[in-house]
Each structure stands twice: as structure tokens, then as C-alpha cells.
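Colleague: The listed protein sequences correspond, in order, to chains A and B. Every letter in the first sequence is one number past the one before it in our numbering, and letter 362, counting from 1, is 362. Count along the second sequence starting at 1, add 1000, and that's the number in our numbering.
I should point out that these hints are in silico values taken from the structure, not numbers from a laboratory. A quick note: this is a predicted structure, and the numbers were derived from the prediction, not measured. Hints may contain errors.
Residues of chain A placed beyond 10 Å of chain B at every Cβ, according to the derived structure [unchecked claim]:
#	residue
1	I34
2	L106
3	I135
4	I226
5	G278
Reference listing, derived: stretches of chain B covered by chain A, where coverage requires no fewer than 3 residues with Cβ under 8 Å from a Cβ of chain A [what the hints assert, rightly or not]:
#	stretch
6	1360-1373
7	1390-1396
Positions of the beta carbon are idealized from the N, C-alpha and C atoms, including for glycine.
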Amino acid sequence: MRLHFEKRKTLSVRALFIVPLASLAVSLVLTGLILLLSKADPFATYAAMFKGAFGSWRAFTETLVKAVPLMLTGLGVSVAFKLKFWNIGAEGQLTVAGVATAWVALFWSPWLPPALLLPVALLVGALAGAAWAGIPAFLKTSLKVDETLVTLMLNYVAILFSEFLYYGPWRDPKGYGFPGTAPFPEAAWLPRIAGRAHAGLYAGLAAALVLWVVLYRTKWGFELSIIGNSQRAARYQGISVRKNIFLAVLLSGALCGLAGSFEVTGISHRLQQGLSIGYGYTAIIVAWMAQLNPLAVPFVSLLLAGLLVGGDQVQMVMGLPAAMGLVLQGMILFPMLAGSLFTEYRVRLSRAEGPTAVALAAAVPAAAQAPAPEAAAQAPASEPSQSEGGTN
Amino acid sequence: MKDKEGGPAPRAARSPRAACSPGEGGEGRLVEMRGIRKSFPGVQASDGIDLRLERGEVLALLGENGAGKSTLMNILVGLYRPDSGEILVRGARAEIESPRDASALGIGMVHQNFMLVDSMTVAENVVLGLRGLPFVPDMKAAKKEILRLSECYNLKVDPDAFIWQLSVGEQQRVEILKLLYRDAEILVLDEPTAVLTPQEAEELSAVVHRMRSEGKSSIFITHKMEEVMSFSDRVMVLRKGKVVAEKATKDTDPKELARLMVGREVLFRVEKGPFSPGATVLELKGVSALDDRGLPALREVDLRIRAGEILGVAGVAGNGQRELAEVITCLRSAKAGSVSINCVDTTGMSPLEVIQSGVAHIPQDRNQVGAVGDMSVASNLAMKGYRQKPLSAAGLIRPSRFRQLAVRLIDLFKISTPSPETRIKFLSGGNIQKSILAREIGACGSLLVAVYPSRGLDIGATEAVRKELVAERDKGKAVLLVSEDIDELISVADTIAVLFEGRVMGLFPSAEADAERIGALMAGMKA
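Extracted from the complex, chain A is given alone in its bound form:
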């Protein structure tokens, strides 16, 4: 039995759906093995996780609470990734926006009408996120500085800066030494829908819809996809590459920033320790799992939020470390990356003799567990010059 890889001529819609689901299944199996090693019953653990995340109304609202920032950062990261701008600074953009929103909420209320306090705080937050993303965007487009490093490093700058504020000048004098600012005035509180789930959910869903329209149905979105595919082609078509990358990254930063603004106005009502629990990094998984499609982002966010919340439950119910949820998250990414093989290539299985080959498309889940190293080794070789091959 041998595996064969042939490059697909057209994208298989079925593979686009099956691959993420199959990847999830594979990661469940792999994590199950880890659970077995830690002497826990995988089925009971998964059941507890599921119950913890979706089993009750209260649990579900908590999952929504975590889904909102994942949704917004996931969308933000997707925009940048579409342009092959590797923004891994969602965490920093989120944090800076949280700081900026706190600034407005804490210090602008004396002279800003109460009705305007919340909208202005959110707006300033989004602008701060955009500005923070603007730094690497500017460096990239004007000086060709690599954005991966800059966005990552700026995360630490943002987080340490926020710590400086709530440990230092902004610390609540009545907070018994707790690291955090004073609570915001109520005018700066985001309305809640149910439990702790807040109106940021509507914003996240609306953003997904709007972003899809922007990317797939506007002239600007069309230009962005040309740039994302080939900058030289874009320039040749009269499209300003630098300006558009800059603008798109600002949009990316604004979306990530909004996530932070919603966290402080909707959940904590102050700037305090633990503003983000790594949403900005999980956003990268969200973006890839959603295959950069904004409409898929809300669903993926809900799933990953469920893993986070469920992971906490596992700690309480099963006595396992909460990190098990994170392990599962990480375990999803690997089969996802391996799974992209199946969207790009047609995989066939053949017996040792006879040229007849059995198409394997229907059995993707099974094949997804095939030894990955061999697949990786063969994939580059099966990319012949496709100048002909018969579409003519």
C-alpha cells in the first residue's frame, strides 16, 4: 500500500469542510492519548469539558464571554494574514486598547456627556489598537522591517506598560493593594445580554459579516486579495501596495483593539491584571482554522472558547490541570496544518501491484492520521511544473 499525492486543479469544497472537522477529531484522539497517560478517562474528561462549556445556560454565557475577544482578534488577525502580513501582535493591540479605553473611562467623564463616554471610550480603544499595529505596518511598508518580530515584541511593551499603569500611577487607592485601577463610572459599562455575556457579542458578529462583505464584495477587498497573492501583480494593476497594506493592518489592529476595549468595559469594568488570557495568540489558531474566512470565525471562536471554559471545568471536576484545554487547543493546530495537504492535494492509495488506485477522498479522516512525516516528504516532490497537464 502506498500513498500518492496529486495537486488539485480546483479547490474541493468538501475538503474545505471536512478537513477542519477531521482535524478536530484527530486532535481529540491525540489528546485522548495524553489523557490516558495522565490516567484520566478521556470520555469522562471530554464529557466534563463539554458540560462545562455548553452544558448549562450559565456555562454557555461564560463561553460566549470568551468567544467575543477570540472573534474580534481572530477577524483582525485574518485580515492581516490575507495580506501575508504576519501580525502576531493581537495581544499587544488588545492590551493597548484596553489601556486607552480605561484612560477615557477614568479621566474623561468630568467633561464628556455620560451618553458619549462609552462610545468614545470604545472608539479611542480601537484607534489605539490601530495605532499600535500602525508601528509595525509603518516599519514594514517604509523600511521593510520584518513584522513578525516587531508585532511580537510590541506585545511585551504593551503588557508591561499596562502593568506599570495599574501597579503605579493608576492604581486604585481604595483597592487594598490589588493590582488594578479604580472601577469605571457606570456610564462606561457595556450593557450585558445574559450572565456576563455582553453586547460585544453583537459587535463581533456584525464585524464578521461586515468584514466578509469588505473582503469579498468591495473593490478594496478585491485589491487586497490581489496584493495578498502577488504584490508585483498589484503594483502592475495600478494598486498602491504600501498604502493598502498599511490601511489593512490598521483595520486589523482596530479589530484586535476593540476586543480589549470590550473586555474592560464589558467584563472587568476596570483595567486590571489578567486583561487577556492569551486571546491574541489563540486568535492565530482561530484565523487558520477558519481558513481566513470571516464568516467561519464566529463558529471557530465559539469552539475554542468552549475549550478554554471546558478546560477550567476539567480542573475542577476531574482534578486535571486546566492546561489540558490548552493542550487540546495546540493539538488542533497540528492536524489543521497537516490537513491543508488534503485541500491542496488529492490523495490516492494504491496497492503494490496494478496501476489502479483507490480514491481516498471520502476517507479523509482516516487518512489524516497517516504518518505525517512521509506525507511531508512527498508533498514537495509532487509539485511538478503544471504548465500543461491537460487543462488545454
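Position chain B against the provided structure of chain A, taking the given hints into account.
Modeller: For chain B alone, coordinates are given in the frame of chain A:
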């Protein structure tokens, strides 16, 4: 040079076959492919093909783009599996399921797009992927063997050079060395000269002949008749997945081959209306420009093109042609001088402003610049018109109109594609070029700049491209045609300018031009 015994140790699992020594097996059939069939969705790429290759023979596989040449060879080297049919190597039935199997049988292929790692050295690339290599390969021995091989086949290349430092021709030599290092006896070359300068092509021809005298056989894929004549012993002509003719090269001639390949008589001359130029459309005065490395590429160029005129720019590649086209389309700024289009000074305009003033451009690099491979044919066809109605309105694009446009252009320009939604990179080179042409002609107001529009295309597609250029001229547009093909320039252009080191060496009506004179000017000799 006969150190067949002193071969180096770190060879692959197979015993070293004598390289660079008189052929061992003498006569004999190396490869036989019988009744090979292979289909892709919507296309029968190989339709019962029989192929045989004798020891010490050079076989040319001739056919248009999409005739099924590459598919057949990809089957031989194990990249594709045939739907049916069998392959015999040295008389024994062979199951070739991967390039590794092929390599074990002594079959190797040099692809059109080289498979080399840029950041590694020549020697490392040659050794890369060998089976049974120790954890730390003995690079010293490998280098010695590479030097020996390169010397005896006259494939000059420095084993310590990094791939990125090499010219395209040298990279190709590395690819061939890679195969020789693996003791390949059967070399498949996919359009080997498409990327080479004429001198390099000649050197390659010498290498192929040298290998033949060693008893090695080669199959090379091509659509150029001259190449068949100068390289091969035997030629097999493919059309639509079938063998239409098989001849000894000495018994045929380019004209017959062209007819067999296309399936009808081919016009080497292009029909065009009388030359009646109108007002000046493009005027360059004293234009100088730098290339990407900051070196002078254009020096004080004066040119003009009138309405209804095709100005052909001749020259060896790299003498400023690309820069000339880029300066006119404002993708590159001029260092001195001025460009005006329809009496408007366009120097310093943005690329978009030039596009909007009615200048269309068929760029040199069709895969990376002219077309966006991962986007659909329809999107690619819409890339000029998407800014205006009817393709977009109020900032929104209209996919249904994209599709309508695509269906119309696909029909009009006979672009063969499974559907408008197919990603354009899966089309053949000719069809990608036709798509670009279709889009650019639609956007052409008064000036069309075409850079090597027929390079790499088969006869049928070349003919179609030339016809379209002439049709634009007959409609009263100005056309700038950059080409390396002197015959193309003489038959298509009205006026010919020769560029050498960024200077216009000569400018004359094509009626007065002859190939020899142009050739001399291209080489920098003053006429």
C-alpha cells in the same frame, strides 16, 4: 578522465554505473511505454500513447501546450500514475510510483521550474535527497565527484557556489549534474531551452550530445522546431494526448513538423493592413533609467510611436527592454528625459494614472505579474475593469458581471479553461497569456505595450497573440512590441528599433530590415 574504478564512496544504494566512459550495454531498448492513458477532470491528457527509447538516443517530444507531453513524462518519472498502460524499463516491467522509484531505475527529470534550494550550495543540492546517506555526508568526496562529472560533461559550475548566485543556465546545469550524480541513464528535459540564452542553449546541446556518446538517452519536451532539428535523433509529435507522427529527425523539416503539431498549415507571416500611421501617440525624449540594481539600464532613448503603428524593439534580453516598458507605464521612474502619451507629459505619473490614460501593458512575467495564479480566470480578466461600471458600483464589485465578462472573453479569445472559476495557474502558458491579452486589449485606449508576448508559447497561441497585436494596430492603436524573435519583429512590426545596453542602436522600417543587420546591431555593432 577514466577513473571509473576510483568512483567516490558516498553513492546511493545502487552500484555506480560507469559515468563518462564508453556506453556499457551498447544497443538495446531502454524504455518502452505501452498504451498509456491518463485523464484529468474534463481532459484526456494521454490517450493510449506508445513510446520507446533506445540506448544512446535523443528523442524529442514535440507538441503544443496542453498536448500531453509533460503529463506523459510526469508518468515516466513517477509523479503521476497512469489510468492504464504499462512501462518497461530495460525490458522488464516497472512500477514507477514515485520519483524515487524512477531514480532507482536510472530515470531523472529536469523540470521547467528548477527544484533547487536557493540558500544551499551546488554540492549540497546535488546530494540532497539521496537515499542511504550518512548523517553527516562526506561533502569532500561529493564535491570531487561533482567536479569530475562537470569536467567530463563540460557542465561548468562551482560546487561551493550558492544556488542564488547562479544564472538560470548554471542552475540548469546543477539540475543535470544532480541526475548524472545519481547515475541517471534516461534524462527527461522539460523545455530546457525556454529559459536559456542562445549561447547557453548551444552549450546544452553539446552536453546532450556528449551524454548520447556515453550511451545515455534523453527525452526532451519542446515546442520549438529548431530545437528538434538541432538536438534530436528522432521526434514524436503529440496532439491532444495522441501520437500523430513519429519520424527520424533527418527525414523531416520544420515546416512539416509545424503542420503536424498544429494539425493545419501554419502561417509564419501575419496578414496585416497597409501601414498608414496617424498622430504621434507615444514620445520618449532623452529617457534614461536605472535597473533594479541601480545601474544604468536606459541611456538617452528617443522613440516615438504613431497611431496605427507597431514599433518592434529588438535586442538580447537584459539590454533595457523591461525597463523601457516599465518607464512608459510609470512602474519605474525615469532618471532623465520625458515621456508623453497623446501629447500629455506622463513622467512622474502613478501607474494607475497611466492605466487610466488608456495604456495597456502585457508584462514580461506573466505568471507573477500579468496574472495572479491563485485567483480565478474571471477575477484575472476583471483586474483592469473592476474599478468602473459595470463590474463594480458604489465601491462594491459585482461577481455576476465578472462572470459575464469572463464568459464573453473566454469565448472571444478562445481561452480554454474548465470554467471561469478555475484558478488561472492551472491553465497552460498560452491560455494564461491569452487571458492577459484579452484583459489588456479591453483596457487599451491608445497604446499597448507588449513585452515578449509570445515567449514560451506554442505555434497556435503565438499566431493568436500576433494576430491580436496586428488587429489593435489596424484599429489605429499604437503598439510597442518587445521581442527577441527577429522573425516575429520583421513580420509583425512596422518599424524596428534595436536596443543594446540601453541605447537605441538603430531605427528603421521593418520592410528594409533583414535578420543579419538586426543581429549585428543587437550585438552592439554599429551598422
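Colleague: Confirm or reject each hint.
Modeller: Evaluated hints:
no. : hint      : verdict
1   : I34       : 31 Å, holds
2   : L106      : 38 Å, holds
3   : I135      : 26 Å, holds
4   : I226      : 6 Å, violated
5   : G278      : 32 Å, holds
6   : 1360-1373 : holds (count 9)
7   : 1390-1396 : holds (count 3)
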